[in-house]
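Peer 1: Let the hints inform the model, and build the full structure from the sequences given.
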Amino acid sequence: MFRYIVRRLLYMIPVFLGISIISFFVMYAAGDPLNIIRLGRPNITQETIDALKVYYGLDKPIPIQYLTWLTNLLQFNFGKSLYGGRPVNFLIGSWVWETVKLQLISILLAFAISIPIGINSAKKQYSKQDIAVTSISLFGVSMPTFWLGLILIIIFSFQLGWLPSAGAYGAPYLWWDNPVLDEIAHLILPVTVLVYVMLAQNIRLIRANMLEILRSDYILAARASGLSERKVVYKYALRNAIGPVITYLGISLGAIIAGAPMTEYVFNWPGLGRRYVDAAMRLDFPLVMGINMVITVMTLIATLIIDICYVYIDPRIRLR
Amino acid sequence: MAETLLNIEGLKTHFFTEAGIVKAVDGISFNLKKGESLGLVGESGSGKTVTALSVLRIVPKPGKITDGKIEFNDENLLKKTEKEMQKIRGSKIAIIFQDPSSSLNPVYTVGTQLRDVIMAHQTVSKTEARKKTIEILEVVGLPDAETRMREYPHQFSGGMKQRVAIARALACEPTLLFADEPTTNLDVTIQAQVLNLLNDLKKKLGMSLVMITHDMGIIAEMTTRIVVLYAGRVCEIAETHDLFERPRHPYTEALLAAVPRLDMRKTLRVIPGNIPNLIEPPSGCRFHPRCNYAKQTCKEDIPVLEEIESGHFVACHEWQNITLKGERSH
Ligand SMILES: Nc1ncnc2c1ncn2[C@@H]1O[C@H](COP(=O)(O)OP(=O)(O)O)[C@@H](O)[C@H]1O
Ligand code: SF4
Ligand SMILES: [Mg+2]
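Taken in sequence, the protein lines are chains A and B.
Numbering-wise (this note's numbering), the first sequence opens with residue 111 and increments by one.
Numbering-wise (this note's numbering), the second sequence opens with residue 26 and increments by one.
Hints in this document: simulated from the structure, not taken from any laboratory.
Treat the hints with care, as some may be off.
Quick list of in silico lysine-lysine cross-link-like pairs, DSSO-like style, CA-CA up to 27 Å [unchecked claim]:
| id | chain 1 | residue 1 | chain 2 | residue 2 |
| --- | --- | --- | --- | --- |
| 1 | B | Lys104 | B | Lys117 |
| 2 | B | Lys89 | B | Lys104 |
| 3 | B | Lys58 | B | Lys105 |
| 4 | B | Lys86 | A | Lys345 |
| 5 | B | Lys324 | A | Lys234 |
| 6 | B | Lys37 | B | Lys324 |
| 7 | B | Lys117 | B | Lys59 |
| 8 | A | Lys234 | B | Lys105 |
| 9 | B | Lys89 | B | Lys37 |
| 10 | A | Lys234 | B | Lys37 |
| 11 | B | Lys112 | A | Lys234 |
| 12 | B | Lys112 | A | Lys233 |
| 13 | B | Lys58 | A | Lys341 |
| 14 | B | Lys58 | A | Lys233 |
| 15 | B | Lys37 | B | Lys94 |
| 16 | B | Lys58 | B | Lys112 |
| 17 | B | Lys117 | A | Lys345 |
| 18 | B | Lys89 | A | Lys238 |
A few chain A residues that face chain B, going by a derived Cβ cut-off under 7 Å, partial list only [to be verified]:
| id | residue |
| --- | --- |
| 19 | Arg333 |
| 20 | Ala334 |
| 21 | Ser335 |
| 22 | Gly336 |
| 23 | Leu337 |
| 24 | Asn350 |
| 25 | Pro354 |
| 26 | Tyr422 |
| 27 | Asp424 |
Covered stretches of chain B (in silico footprint by chain A; criterion: 3 or more residues with CB under 8 Å from a CB of chain A, positions within the stretch not fixed) [what the hints assert, rightly or not]:
| id | region |
| --- | --- |
| 28 | 120-131 |
| 29 | 139-151 |
Yeah, the Cβ is synthetic: ideal placement off N, Cα and C, and Gly gets one too.
Peer 2: Below is the structure:
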C-alpha cells in the first residue's frame, strides 16, 4: 500500500508538468493582458506599458517565461497578480480553504443523505416513495445550478430574509451575532445547491446498484443464514452498492471542481472557483496559472484518496 | 418408522410478473423423515429451487407463497413471523446454493461471513465465534483454516468456495439441509469430493438432507428416497432403488433414459420437447405435450398423486395400463 501511494505521488509529477505546460501556452494563445490594461486606461503611455512588461517578465520569449515561472513555483513563489501586484500564493491560500470547505461539506452531506434514500427506494421499488424520489432526482439531474441558486436566493434571502445571499462571512444581523452560526448560515444555500446536484445522481446510482445487489445470490444466501434484515441490507448489500458510487465520484471530481465556479459565482463565494473566473476574464496570467496548478494538485490528490477508498471497500481491486 | 421432520402439503408459490402469474410451484406435497436423504429431481425450471426457498420463506419478489402448509417439527412455518423465521434460517434449516462464487459476499472475508452467521444465532463472544469459525472450516476440510479465514472469496478455488459455503450452512448444526445442485458448477473430480464431504457431515451431524439436482447419477448415490418434480408439480415419489428399477411415471422413465451410462458409452440424451411455459401451463397433466403415452383424459383432467404401493406415489392417469423401463433396461 505504502509503495503504491509513493508510486502514485511520483506519477503525479509528469502529469503536473504536462498540465502546467499546456495551460501556460493555452493562456498565451488567449490574448495579451496588457491589451486589457490598455482598455481599462485608454491614456496609459507606451513607456508605462513597456515598464510593466519588463516588470512582469512579459518581454521574454514564452519558453523562458515558463521556465522562470516553474523555477519560482518550486520555491513556492507563484508570482504576483497583474492587478494589485499581491503575491499569488498569499491570495490563493484563503480561497483554497473556502472552496475545500464548501466542497467537502457538500460531498459528505450528499452521501449521508443519498445512501438511506437510495436504499429505501430500492427496497420498495415502484412504491409511491420510490416513484417520488426517482422523479425528483430526475428533475435534479436536469436542473441548471445557477438557476437553482438564484431561485433559492430570491426566496430565502430576498423574500424571507432568513439567509445571507452572498459571501462566506459577516452578516451580523443574522443568527444571533454568533460567528459560528454566521458561517453556517452562509454555507446553507450554496451547500444546498451543490448537494442537490450531486444528490440526484447519487440516489439514482445507489438505487440502481442496490436493486441489482438485492437480487444477487449472496444476499439470498445471507437471508437464508438468518441474518437480520438490517444486517443484510446495511452490511452485506450496502458495501457492494457503494463501490460504483465512489467510482462515479472519482470520475466526476473534475466536473465537480470545475462546476464549482458557477455556484461560487452565484453566491459570491470567496473561493477559488469564483476568483478563477475573474482572473481568467482579466487574463491575470500568474493568478490563473496559480489557480490552475492548485486545482490540478487537488484533483490528483482527491483521485488518489478515492482510489484508496475503493480498494478498502472492494478487496477484489488490486493495487497495481 | 422414523418421525416426520418436514411435511409439505399443497404448497403453491407463484411469481406475479408483468407477463403474468408464473406458477413455479403449484400444489406440491411430500414429506421428509428425520435423518433421511431425500432427492428432489426434475429438469431445470421444474420448481426445485423455489420449493427450497419457500421452506425458508425467502422467495424473492415478485414471488409469493399463495397456498399450502409447511410443517417443520410439527409447526407450520407459514404461520411464523419474520423474526421467528430468522431464528430458524441458518440454525435449524440451512441451504447450500448452486454457485459458490456468487453465493459468498465478495467484499467480506470468509471468516467474517461465517462469524456473522454464528453470532446471529448463538450468544457467544467474538473470540468464541472466531474459534467456532476455525473449527467448522477445519471440519469441511479447508487446510490452514486460521489463515485462510482472513481471505476473501475470490482468493479461493471453486471447490474450496463450496466447502466454505457448506461450512456457513452447517455452522449452527442445522437439522435440515437443502443442497441445491451443490456440485453443478464444479469440476468432475471436485464433485465427488464435495459429495463425499456432504455424506460424511450428514452422518456426523445426524441431519436430514434434501438433495436437489437434475443429475440422476448423483441422486442414486446420495439419497434413499426421491421426489420427481415436473413443471411445479409432483409426478412420482418412491424409494430410490424402487424408482430406478420400476418407475411408474412416464416423466421418470424419460429422466432415467437421459442418464449417461459409462458402461454403455451413451451420450447424454435429452428429453424431447421443452419444459412448458408456467404462465399458461398445459391443461390436465402438464407433461402431456411431451408424453408418449398421453390419452385424451390426460389433456382434460389433472392426475392426482395416489399411493399405488406402500411408499410409492404416482400422479398419472395411465400408470396401470403402461409398462415403463427402469434404469437397468436401457
Ligand atoms: N424471480 C423470479 N421471477 C419470476 N419467475 C421466477 C423467478 N424465480 C424463479 N422463477 C420461475 O420459477 C420456475 C422454477 O424455477 P426454479 O425453482 O429455479 O427451477 P429449478 O430449480 O427446478 O431449476 C422457473 O420456471 C422460473 O421461471
Ligand atoms: S397422465 Fe397422461 S400425459 Fe401425464 S404422464 Fe401420465 S400418461 Fe403421460
Ligand atoms: Mg434451481
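Peer 1: Does the nearest C-beta of chain B fall within a distance shorter than 7 Å of the C-beta of A:Asn350?
Peer 2: Cβ of A:Asn350 sits 6 Å from chain B, so the hint holds.
Peer 1: Given the hint that B:Lys58 pairs with A:Lys341, test it: the Cα-Cα distance must not exceed 27 Å.
Peer 2: Status violated; Cα separation ~33 Å.
Peer 1: Are B:Lys324 and A:Lys234 close enough, with their CA atoms no more than 27 Å apart?
Peer 2: violated, 41 Å
Peer 1: For the hint on A:Tyr422, does the least C-beta distance to chain B fall short of 7 Å?
Peer 2: violated, 10 Å
Peer 1: Is it true that the CA of B:Lys58 sits at most 27 Å from the CA of B:Lys105?
Peer 2: holds, 22 Å
Peer 1: Would the pair A:Lys234 and B:Lys37 pass a check requiring their Cα atoms to be no farther apart than 27 Å?
Peer 2: Holds, because 24 Å separates the two Cα atoms, which is no more than 27 Å.
Peer 1: Measure nothing beyond the straight line between the CA atoms of B:Lys89 and B:Lys37; if it is 27 Å or shorter, mark the hint as holding.
Peer 2: Given pair B:Lys89, B:Lys37 holds - Cα atoms ~8 Å apart, limit 27 Å.
Peer 1: Quick one, are B:Lys86 and A:Lys345 close enough, alpha carbons at most 27 Å?
Peer 2: holds, 21 Å
Peer 1: For the region 120-131 of chain B, do three or more residues have a beta carbon lying closer than 8 Å to a beta carbon of chain A?
Peer 2: holds (count 8)
Peer 1: For the pair supplied as a hint, B:Lys58 and A:Lys233, confirm whether the alpha-carbon distance does not exceed 27 Å.
Peer 2: With a Cα-Cα distance of about 37 Å, the restraint between B:Lys58 and A:Lys233 is violated, given a limit of 27 Å.
Peer 1: Grab the minimum C-beta distance from A:Pro354 to chain B and call the hint holds if it beats 7 Å, violated otherwise.
Peer 2: violated, 13 Å
Peer 1: Does the closest beta carbon of chain B sit nearer than 7 Å to the beta carbon of A:Ala334?
Peer 2: Interface hint status for A:Ala334: holds (5 Å vs cutoff 7 Å).
Figure legend: structure checked against the earlier numbered hints; hints not met, in rising order: 5, 13, 14, 25 and 26.
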